[in-house]
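Number of protein chains: 2
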Amino acid sequence: MKIALDAMGGDFAPQAAVDGAVMAAQQLNGAAQIVLIGQEEAVRPLLQQHGAAAADLIFIPATQVIAMGEHPAKAYQQKQDSSIAVGYRMLHAGELDAFCSAGSTGAMLVGAMFSVKAVPGVLRPAIANFVPKLAGGQGILLDVGANAECKPEMLEQFGELGSLYAHYVLGIEAPKVGLMNLGEEEGKGTALTQAAYQLLKVNPHVQFIGNIEGRDLFNSKADVIICDGYTGNVVLKMAESIYEILNEKKMHDPFFDNFNYEAFGGSPILGINDNAIIGHGVSTPLAICNMLLQGYKMAESGISDQIKSTFKS
Amino acid sequence: MKIALDAMGGDFAPQAAVDGAVMAAQQLNGAAQIVLIGQEEAVRPLLQQHGAAAADLIFIPATQVIAMGEHPAKAYQQKQDSSIAVGYRMLHAGELDAFCSAGSTGAMLVGAMFSVKAVPGVLRPAIANFVPKLAGGQGILLDVGANAECKPEMLEQFGELGSLYAHYVLGIEAPKVGLMNLGEEEGKGTALTQAAYQLLKVNPHVQFIGNIEGRDLFNSKADVIICDGYTGNVVLKMAESIYEILNEKKMHDPFFDNFNYEAFGGSPILGINDNAIIGHGVSTPLAICNMLLQGYKMAESGISDQIKSTFKS
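So the protein sequences, as listed, match chains A and B. So for the first sequence, the working numbering puts the first residue at 4; every next one is plus one. So for the second sequence, the working numbering puts the first residue at 4; every next one is plus one.
The following block holds chain A by itself, in its conformation from the complex:
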């Protein structure tokens, strides 16, 4: 099994990327190989610094880098030898089992749609993010930014995609799906949430528990929390800022420490024909390591095949 990392992605790349990749290789201890994709002159010396610890890592050269400020679609198409384009090409060719990057979110989404593509039947893939639960473990929230604007049928599918992920990757037996809303009662909310409610209510593939509210993110009501990408993004960034504030104030707590993006390392793109994970721009080696371990977990679980077979029927 091969789990790949864009060695050029993230504010602290390639140093943090290489360090995190070496860390992940040690933890995987041979269960999977780590593949590093990036500019040879930048990555090789860093690998050499790690000596024997980096011996099992595979290096794949890519001469170009997509920078954070570039137009995602344009950059992806023009820079066919960028680390992100090379990664997706290898993923699509079956040479990789998962591809992770802390680089441009936009380019990672564009690459997913252009190369491995959405699973037939999936209207729009979504980015999922982990939500720590007070009772322990985690739930997932989706979409957190791939689709600012959503249709009811997309929210319904997010419920299905999230349920599959929660079941096969997080190991939650029968994941409870909650629709983020501004009130619990059926009929509350926007035209979008009202219509999505009706679809989810009769969908046999999800265990829909109805509307949940902003206060229910961290409790045990729902394992899978669905919303449009605009709302999910606001929620995610607000949670991150809460963690940062607590951290600055040196208020530490095991629950709130899970708000740290490093704890999970990255956000999977769900609904594409393969395993891709997007990391935070400021990813540290620990975050990179956890993103790669998550990629391994996704690949091992066979989640993308589960999604394909569910949406085929």
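There are no misleading hints in this set.
Given that identical chains are not distinguished, each listed pair holds provided it fits within a single copy or across any two copies.
Cut-off 30 Å, straight-line C-alpha distance, at most; resulting in silico cross-link-like pairs (BS3-like, lysine-lysine):
id: 1; residue 1: K154; residue 2: K191
id: 2; residue 1: K77; residue 2: K311
id: 3; residue 1: K204; residue 2: K154
id: 4; residue 1: K204; residue 2: K77
id: 5; residue 1: K311; residue 2: K204
id: 6; residue 1: K179; residue 2: K252
id: 7; residue 1: K191; residue 2: K120
id: 8; residue 1: K77; residue 2: K191
id: 9; residue 1: K82; residue 2: K191
id: 10; residue 1: K300; residue 2: K136
id: 11; residue 1: K240; residue 2: K179
id: 12; residue 1: K315; residue 2: K120
id: 13; residue 1: K240; residue 2: K154
Since the hints were derived computationally from the structure, they do not count as laboratory data.
Starting from the known structure of chain A, fit chain B onto it as the hints suggest.
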């Protein structure tokens, strides 16, 4: 000056309401009179318990109560002698300077629209909520639930309403207005936020600083944060739950203590012809007291006249 309270509103009414009203009367120390509206047999005995401390409170009987579960519009129209309907009638007649209730949010909104009504020119009044700032002081977030679905022109007006409130009530010289979005760049977001951005950019009445993100709620980028009522409600309830979790974990901090709804007591309805504030259902006496003090501050500032004269032109 007369600041009125629905003595029957809130989960712990009338006890918490009466206790909070007495507390507010003591703090106002004659600057304004507190008017309690409610069922005589329930409220009078509680007032008597307070003895001399309650001597300056004015009691106005209302025989009916609108319960939390009732249909707001139906209940408001059918229960014309409810504490909320009586309060709004008196407010509209100029017998009160502000009306506060921790009762049904829906009935408070319906009452506002039916009695004192929206300011001519205001498309839809909004509910504003306070946001504590890391640098001290507070900003406001609107809408937090009056309008789940918004048009760009509504968001633009929320910017104007919020700016007036921040200036005249919070004393912020030139309030900075930020549009909640999933990215900072112009052009990001939904059709709604994209269109609202263009309106705000050229609006001479607001100091628009552009898009802000979920991570900017508590920093100093914006004093007035604009979003649709669905998103604002999710954000507000998430913030409340963070406070509750910190509180349960006994993690106390002056900044996070301001997440406590009790600190501000209630959310003003902005864009109506008078001063009305909606309190949290679980309002304690302290929350009730702070809601009344906020009502006094609003009345004293002349905010509703400022809004009227701004939207007339």
